[in-house]
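There are 2 protein chains.
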Amino acid sequence: MSTRSGDGAVGVGLIGFGTIGTGVARVLRQNRDVIAERLGFPLRLARIADLDTETDRGVDLDGIAFDADAQALIEDPEVEIVIELIGGYGAAKTFTLEAIQLGKSVVTANKALLAVHGKEIFEAAAKAGVDVAFEASVGGGIPVLRALREGLSANRILSVQGILNGTTNYVLTEMETTGEDFDVVLKRAQDLGYAEADPAFDVDGIDAAHKLSLLAAMAFGAEFDFEDIPTEGIRGLLPIDFELADELGYRIKMLGIAKDHNEGDEPRLEARVHPTMIPKQSLLASVDGSMNAVMIKGDAVGPTLYYGAGAGELPTASAVVSDLMELARELRRGASGRVPPLSYTRTAFKRKQLVPQCERRGRFYLRFSVPDEPGVLSILSSALGDKEIGIESVLQKGRGIATESVSVIVVTHPAPEGAVRDVLREIDAWPSVSAATHLIRIEEEE
Amino acid sequence: MSTRSGDGAVGVGLIGFGTIGTGVARVLRQNRDVIAERLGFPLRLARIADLDTETDRGVDLDGIAFDADAQALIEDPEVEIVIELIGGYGAAKTFTLEAIQLGKSVVTANKALLAVHGKEIFEAAAKAGVDVAFEASVGGGIPVLRALREGLSANRILSVQGILNGTTNYVLTEMETTGEDFDVVLKRAQDLGYAEADPAFDVDGIDAAHKLSLLAAMAFGAEFDFEDIPTEGIRGLLPIDFELADELGYRIKMLGIAKDHNEGDEPRLEARVHPTMIPKQSLLASVDGSMNAVMIKGDAVGPTLYYGAGAGELPTASAVVSDLMELARELRRGASGRVPPLSYTRTAFKRKQLVPQCERRGRFYLRFSVPDEPGVLSILSSALGDKEIGIESVLQKGRGIATESVSVIVVTHPAPEGAVRDVLREIDAWPSVSAATHLIRIEEEE
Numbered sequence: 018m019s020t021r022s023g024d025g026a027v028g029v030g031l032i033g034f035g036t037i038g039t040g041v042a043r044v045l046r047q048n049r050d051v052i053a054e055r056l057g058f059p060l061r062l063a064r065i066a067d068l069d070t071e072t073d074r075g076v077d078l079d080g081i082a083f084d085a086d087a088q089a090l091i092e093d094p095e096v097e098i099v100i101e102l103i104g105g106y107g108a109a110k111t112f113t114l115e116a117i118q119l120g121k122s123v124v125t126a127n128k129a130l131l132a133v134h135g136k137e138i139f140e141a142a143a144k145a146g147v148d149v150a151f152e153a154s155v156g157g158g159i160p161v162l163r164a165l166r167e168g169l170s171a172n173r174i175l176s177v178q179g180i181l182n183g184t185t186n187y188v189l190t191e192m193e194t195t196g197e198d199f200d201v202v203l204k205r206a207q208d209l210g211y212a213e214a215d216p217a218f219d220v221d222g223i224d225a226a227h228k229l230s231l232l233a234a235m236a237f238g239a240e241f242d243f244e245d246i247p248t249e250g251i252r253g254l255l256p257i258d259f260e261l262a263d264e265l266g267y268r269i270k271m272l273g274i275a276k277d278h279n280e281g282d283e284p285r286l287e288a289r290v291h292p293t294m295i296p297k298q299s300l301l302a303s304v305d306g307s308m309n310a311v312m313i314k315g316d317a318v319g320p321t322l323y324y325g326a327g328a329g330e331l332p333t334a335s336a337v338v339s340d341l342m343e344l345a346r347e348l349r350r351g352a353s354g355r356v357p358p359l360s361y362t363r364t365a366f367k368r369k370q371l372v373p374q375c376e377r378r379g380r381f382y383l384r385f386s387v388p389d390e391p392g393v394l395s396i397l398s399s400a401l402g403d404k405e406i407g408i409e410s411v412l413q414k415g416r417g418i419a420t421e422s423v424s425v426i427v428v429t430h431p432a433p434e435g436a437v438r439d440v441l442r443e444i445d446a447w448p449s450v451s452a453a454t455h456l457i458r459i460e461e462e463e
Numbered sequence: 018m019s020t021r022s023g024d025g026a027v028g029v030g031l032i033g034f035g036t037i038g039t040g041v042a043r044v045l046r047q048n049r050d051v052i053a054e055r056l057g058f059p060l061r062l063a064r065i066a067d068l069d070t071e072t073d074r075g076v077d078l079d080g081i082a083f084d085a086d087a088q089a090l091i092e093d094p095e096v097e098i099v100i101e102l103i104g105g106y107g108a109a110k111t112f113t114l115e116a117i118q119l120g121k122s123v124v125t126a127n128k129a130l131l132a133v134h135g136k137e138i139f140e141a142a143a144k145a146g147v148d149v150a151f152e153a154s155v156g157g158g159i160p161v162l163r164a165l166r167e168g169l170s171a172n173r174i175l176s177v178q179g180i181l182n183g184t185t186n187y188v189l190t191e192m193e194t195t196g197e198d199f200d201v202v203l204k205r206a207q208d209l210g211y212a213e214a215d216p217a218f219d220v221d222g223i224d225a226a227h228k229l230s231l232l233a234a235m236a237f238g239a240e241f242d243f244e245d246i247p248t249e250g251i252r253g254l255l256p257i258d259f260e261l262a263d264e265l266g267y268r269i270k271m272l273g274i275a276k277d278h279n280e281g282d283e284p285r286l287e288a289r290v291h292p293t294m295i296p297k298q299s300l301l302a303s304v305d306g307s308m309n310a311v312m313i314k315g316d317a318v319g320p321t322l323y324y325g326a327g328a329g330e331l332p333t334a335s336a337v338v339s340d341l342m343e344l345a346r347e348l349r350r351g352a353s354g355r356v357p358p359l360s361y362t363r364t365a366f367k368r369k370q371l372v373p374q375c376e377r378r379g380r381f382y383l384r385f386s387v388p389d390e391p392g393v394l395s396i397l398s399s400a401l402g403d404k405e406i407g408i409e410s411v412l413q414k415g416r417g418i419a420t421e422s423v424s425v426i427v428v429t430h431p432a433p434e435g436a437v438r439d440v441l442r443e444i445d446a447w448p449s450v451s452a453a454t455h456l457i458r459i460e461e462e463e
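First to last, the sequence lines map onto chains A and B. Take the first sequence: its letters are residues 18 to 463, numbered as in the working numbering. Take the second sequence: its letters are residues 18 to 463, numbered as in the working numbering.
Each pair may be met inside one copy or between any two copies, as identical chains are not told apart.
With a straight-line cut-off of 20 Å between C-alpha atoms, the simulated SDA-like cross-links for lysine to any residue are:
1) Lys367 x Arg49
2) Lys297 x Asp263
3) Lys136 x Gly57
4) Lys367 x Gly57
5) Lys297 x Thr190
In case anyone wonders, no lab produced these hints; they're calculated from the structure. Predicted model only: the values in this text are computed from it and were never measured.
Construct all of the structure, not just a fragment, from the sequences and the given hints.
Right under this line is the structure:
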């Protein structure tokens, strides 16, 4: 290619010079030697574009063109691969598509963009014969997409489940350790910079759902609408839930879960995001603080797990620059498009319906807010029994949300979620019930 | 290529039709559809060679040529990629080199061959412009070499440590759970088929050292002699060690550990294999039974962990067939040799000295076999104190190996291993000491 510099370097352009972008520039500089020793040629950060050209990022920018003109960066012949790190759906999409149309491969960490507009972007890339790499978009620095796309490619994937959001895992770990309320812990997480000022994206599960939708598409070759993934956040959890989970032998983790359902005529897919009680001794239960982990089960390999930092400047930059190195190798070998971005070739994708939540069968932890009166337990039991929902254990501890009520906890035998929801709707309508019953799904080790 | 069949299939030849070979044939058949949907073309197992052509492996061999002639298989123009699964250093080496010389890429699970003759084989492959893939040789089905080679390629790797041998991990887990002696547990493992009739390769740490030497070479671009890795097996462990480890907050795991040492003038490398006490709450401590796990720390990504089945027919076949798919993609794209097999380009490899064990600084668990007499503790303490080895705690429990003696356990403060070894040599020479002192290294979470 005419744009190659004398040392055979591959020229790179970076759009978005925030936290992750700074990490990328830092890693490219501090590991310049090992990167070249692995590739056989260097990477050269030729150009950076960001609206903020004033703030000092503390990185040496010697020899790097830096201005606010992303358009010029994309068109610069010295830029052979574009890194998109501005986030969001607007300009990020425009720049990504423009780079692709100019025949340039793109590295991105933008899960939201790919979860919502992935189809359009991947089709454009296939048409242009370039790659879109996005390891950093799921699990931060953990090379989990690579495992799914290549390391386990011989397998029929059976399930994927993981702790996909570091902020929620940090909040849950703190609530469990300190016994404090959600609001208190969230406030502290915000003060420490672990949570955003508007935490909804994280604590309501949207970020985890974006990541799960990418994992599920890659695992099962499934096409479905991101919006259809049932998603439940962690705002409803109380300190008492952690206390009782511990007594029952569980820990509470926010999980994204996807399973393939091939029984019956039409292929279906289970995908859901919610707080989950999992056995204490499971590996996922040991993943604390802001760390992430993903368990992938294949028909040949069995269960495998991938663990590491799910966010942060340098861990995320690790994934971005490793992707960059893969795309640079492919560019130099003329092998762009070697592996389909979502693991399956485009024609192999199948539209799959999501299994409705009400069909899921499992055990449930139910926290009822009921009057502190004798007889309340037998009324609850018979209401559940009437719908053939078996009770495994009953616990009562501390006070509920309303001061005149108590929390009564029922752990059910395995039951269909639909039936459980029906009884809860009934019970929650009773005048004596002071707050909506809180339900937490229990997942056993498989 | 003239040998392509009409459907664009890549033709594969399998040498060695034992347990893993059978798994490979099974996975290629049962996952034929997903393999083709991911590659965009099918894989065709064209030919199998094994000296035993009689035993029924329970796999459909329809359309596959099967005889005892490995030589003919390698030369068969329908075989574009060769899978070597016969093990050992002899015929395996010959066939691998012959395939390479004929311009055919090779997939192998043979860690012993690569640990000892890797240099020669990789050089031949580079010269011939073909690939040698060996994911199955470390960690069974876990795609950990791929993580090291590509997923974390942006990082300067700081350390690699892992549970690399399923048999020893099974034995340790059983000893801990049942309180039984090593011999009893080993016998049961052999009866169940989890351990070989000659268990030395596993329980003496040789297999783990083979795997560690591949990991260390890939992690640090280091050249060194496999034989130099200090390797200690698990035969010396007693049930009391597990009991006391538990009291001290540790579990005992057989670890392979490698760290880069770049201080000073000459680059050095720490690599060692031995039973290790690690904190109970660490992720590696939760890896039980025959499962494997590897923790890799990079300067950008921080700690990451990879977990899964380290052996077995289908998990190992998962790695072999996933490698096969990568090589098939590269073959069709003319991109063989895209990634150097040991992660660094050949010219980047540096000869590194191994750090002698005596230089390692850490805490030690010392089990003394001493007479059950008052005053023995103060004599031990002053012997240790004379060499400036601080004592953190002392435990005495149960009886030692000789019936007239007891086990006294000392946990030291951090000290250089050389100094500790010096005192032990002295103490073990005392007439009253009934058996050599047993030393277990303690590794803290980093």
